[in-house]
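*Asks:* Protein chains in written order, with this note's numbering: chain A, 1 to 312; chain B, 1001 to 1432; chain C, 2001 to 2294.
Possibly wrong hints are sitting among the right ones.
Restricting the straight-line Cα-Cα distance to at most 30 angstroms, the calculated cross-link-like pairs of lysine-lysine (DSBU-like) are [stated by the list, open to error]: (1) B/K1071 to B/K1174; (2) C/K2181 to A/K305; (3) A/K260 to B/K1319; (4) B/K1346 to A/K65; (5) A/K65 to B/K1228.
Residues on chain B that point at chain A, a partial pick, calculated with CB under 7 angstroms [claimed, not checked]: (6) S1082; (7) Q1128; (8) P1205; (9) D1207; (10) G1220; (11) R1224; (12) I1255; (13) D1256; (14) Q1338; (15) T1341; (16) G1391.
Derived coverage of chain A by chain B (criterion: at least 3 residues anywhere in the stretch with Cβ under 8 angstroms from a Cβ of chain B; other residues may be distant) [unchecked claim]: (17) 55-62; (18) 147-159; (19) 254-265.
If you are wondering where the hints come from, they were derived from the structure by calculation, not from laboratory data. Cβ coordinates follow ideal geometry from the N, Cα and C atoms, glycine included.
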Amino acid sequence: MSETRAVKLPTGGIRALPALPRLNLAPWLYLAPALITIVVWTYLPLIEAFQLSFYQWNMLPTSPKRFVGLANYAHLLTLPEMHAALANTAIYILGLFPMSVIIPLAVAIFTQDLKGPMRNVYRTLIFVPMIIAPVVAAIVWRWLLNEDHGLVNVALDTLGLHRIGFLQDPNFALATLIWITGWKLIGFSTLLFSAANASINPSYVEAARMDGASRCQIIRDIRLPLLSPTILLLSMMTVLFGAQWSFTYINVLTGGGPLKSTTNIFYLLWDYGFGSLSVGWSSAAGMIAFAGFTMIAFFCLRLMKRCSVYDN
Amino acid sequence: MFRRHCLKLMLAGSAFALSSGFAQAQMAASIDKPVTITFYNYNLASASAGADATRDLLREFMEANPNITVKGVPVPSNEILSRVQADIVAGQQPDVAQLVFRDLIYIANDLGANALEVMVPPFELAKQFEGMIPQGIDLGKVDNKTYGLAYTFSTPILYYNADLFRKAGLDPDKPPRTWSEVKAYGEAINKATGKHGFFPGAYGPVDGTFVYQAIAMSNGGNVRDGNKLTFADAEGLEAVQMLRSMVDSGAHARIDVGSHQDTMASGNLGMFLYTSAVQSSLLKSAKGKFDLRVAAMPGFGEKPTRPTNSGSALFVFSKDPAKRRAAYELLKFLTSKQAYTVITTKIGYLPLRLDIVDDPKYLAGWVAENPMIRPNLEQLSRLTPNVAFPGPNYRQVEKMMMDGVREAVFGKGDAAAVLKAAQQDAQRLMPR
Amino acid sequence: MTTSMNRVLSSGAAVEPEVSRKARPRIRPGALTIHATMILLAFIAIFPVYWMVVSSLKAENEIFSTGLWPSAPSLDNYGFVLSQIPMLRMLANTTVVAGVTAALHVLTGLFAAYALVRWRFRFSGFVYGLIALSWLVPFQVTMIPNYVLASRLGLLDTLAGLIVPHAAAAFAVLMLYHAMKSFPTEIIEAARMDGAKHWRILWEIITPNLRASLASLGILAFISAWNEYFWPLLLSRSIENSVVQIGLQMFMTQEGNLWGPLMAASTLASLPILAIYLLLQRQVIESFMKSGLR
């Protein structure tokens, strides 16, 4: 309520607008707050980074800013670390799919039929990781997964299985970070799928059921197609942001190790920028990431347009 | 717009650099007017005894110097260098900063820290250095000029779990003195108890390079010789191969490099080579759980060890003469006898003034109650400065070296080949 | 859509008992599996949170024990946290920062979305693209330049410095854009015919109908602002003007991590937002259900 009042104040100013109908400043006035914020705090630094990516400089006023052309890019692309980072970025994205799309989708579909209060209880609990701070999540998981005093390994031991060095074994570390990232996400995706699933017109399902369709058939022929916009949306989010979502955990837990097995493109550019103060490299890596994901985004959008037959 | 600002700053900066030859010499003789200086400090950024002790010291300093106000800027230690740099870029000139030794050359050459020999009149500086151990003063030198005044620092010591020693049939009163003993003990602990034998705090993201350098140097190796990297040369390589052989035999654990201290604290590690700064924290965790003890760092056969230092030095960045004087007064106070008494007893670092150790006015009583500091004090006489890397890409060089070491110790490949390749790659980023 | 809903509503009552009677025996074993799976998932989701709370009650020398409940639970760690850092002040700061950021997200998003939906104007496609694309800019690249800018604007060590750069987000604009797109144009047209001005249309017609979207967007923005770590870490210069995430990191020290206090501080930092969520969970989940965020 108080919000309404607070914002209503400038009403007079904007009401006066129709006096200049031809100029049509109105959309720009409405756009201004968001647009200015985004341009000032995102695009100006991006342009700055684009320029810096052609220099060798540490931003210090006392040190020379040396133009190196494409050397930063050339150097990055030949660095073995970059190859590892790019490959890992792809693994992060693919690895997240089960937890950001597949499991939540299954949970949403199968809990739809649950009656009584339990459905809400489950959904409430599964959303809790979403509100825990990533840094806290990282610390607690590091602890639970510790090879010696971590509960998960104590449990494995009790079950007669081998203890696993989740964060120190290069074969497991990447999967572990994906798991933690996914743990934070699963509730959110579940909620979105549940929302979409709940809004499916029940008459379609009923009609199919009347026609003698089995549960599987209903899911395959009715629910999945109708859920496809949400599936595509979450898939696209995973592709575009999955590697970025893992950043905090890499930063807090592994620093890209062991043996570079968990580094990705976002950690790399952070490490160059903050860890080794190489602004040129960091900017170049940033531009590569930005350009790469922009291309992927366009590709995804085209794919979505072609696939979204069910969009009404 | 942003770029124009940067250019302006750059011009201002280079104009300053030209005149700095003269400006550098200026430091006010005394302070007559109130002056405020900033102090970038990482102890203040933690909720610990270190923060309390630092606050107490600053309060005491300001009471003694009513004209000087010190504004503490708390920044976590692994962010502090980039913060100082960002503030210089943003035109917020820092005055005094507590920074770590690995960045020494960069701080002196690029960040424009003031050399004490240039800033401070010689007789004053001589008076200040009197009574400080020369090895300590050497820590902050670049090209024979003192840019950093060693402040909080420590050397690697060997923590060991005496209970695990007993279980493995080892004598806890005879801790290992050489690496071959560490290997034998580690294997024994691993076999008899199923716990981890040995681990050095040398591979983690916040560990820096000092433990690794101490091991390599104790074998006569060094990480570089001038601008030539030498960490893969015979002696350094041999040290890494020794670690690798311990990993292969099971004496050296493979644990999460980011939580080694927790493994020690939880009683799952037999021997742990790390900074003495974590001693009080480890003691608290061990209390009532296991018998924690310390020994000097092990050596290679009969060769004397060459412990290097972790920790920090104080750097002055002020340009204004009055602020320089205020900054220098702060430096003097923070490295005085009473300040080192506080730093040693409350934060757990080493005193740079050895004469206070047995002085009942200062540390004598405390040392008698805390004999665990003895191995560390005893190592001070052999203190060897941590070697920082030069050039604009020094952090990358250091990272490539540590990546190489990690790969050589824990990886599958041949240690020599891996380390040599890392050295070759990193050499390309060194200044010529 | 509305007509089909009506059809279902009127016919549903008659159909349902029959269907459920038929379906139930078939579903039962499945339902058990579903319950088991859900219980497992819920357990995985909340166990780490439980562990955080339990560990905060443990004494320093018991912290690494794997007991599910401390042998002598105590609130000492909380006392330590409150004595070492101004936790309450930090919580208040964080509430202000997260609250204002969330409100600004919603407002700037609402205005921008309205402009893009309501008008066809030169560059509107370009602007939409520009806003959408800003989502893909890695924050790691913009941090240092933004720090320099914030310092020029005198925003260092202020709460405003934590809010202003996050006053608008591509996510908010896009989400509200799509929510508004599906809003029936006839109603807006009718309002226009009646002579309603843009401001009134947005405020009195569209906004009330987008309540669910606005609420879920606000919730997401609040959560992410509350949990923001890297920007405050760079920007804060005094403990009095920093947020809880910085408070947490103060217990990870050079001299070793103080696990008990760290867990206590983490619990304190998560508690308010957890409490709000549990209190409002029905509304939160409902708003997501209705938000059209799909």
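*Asks:* Which of the listed hints are not met by the structure?
*Replies:* 1, 3, 4, 7, 9, 10, 11, 14, 15 and 16
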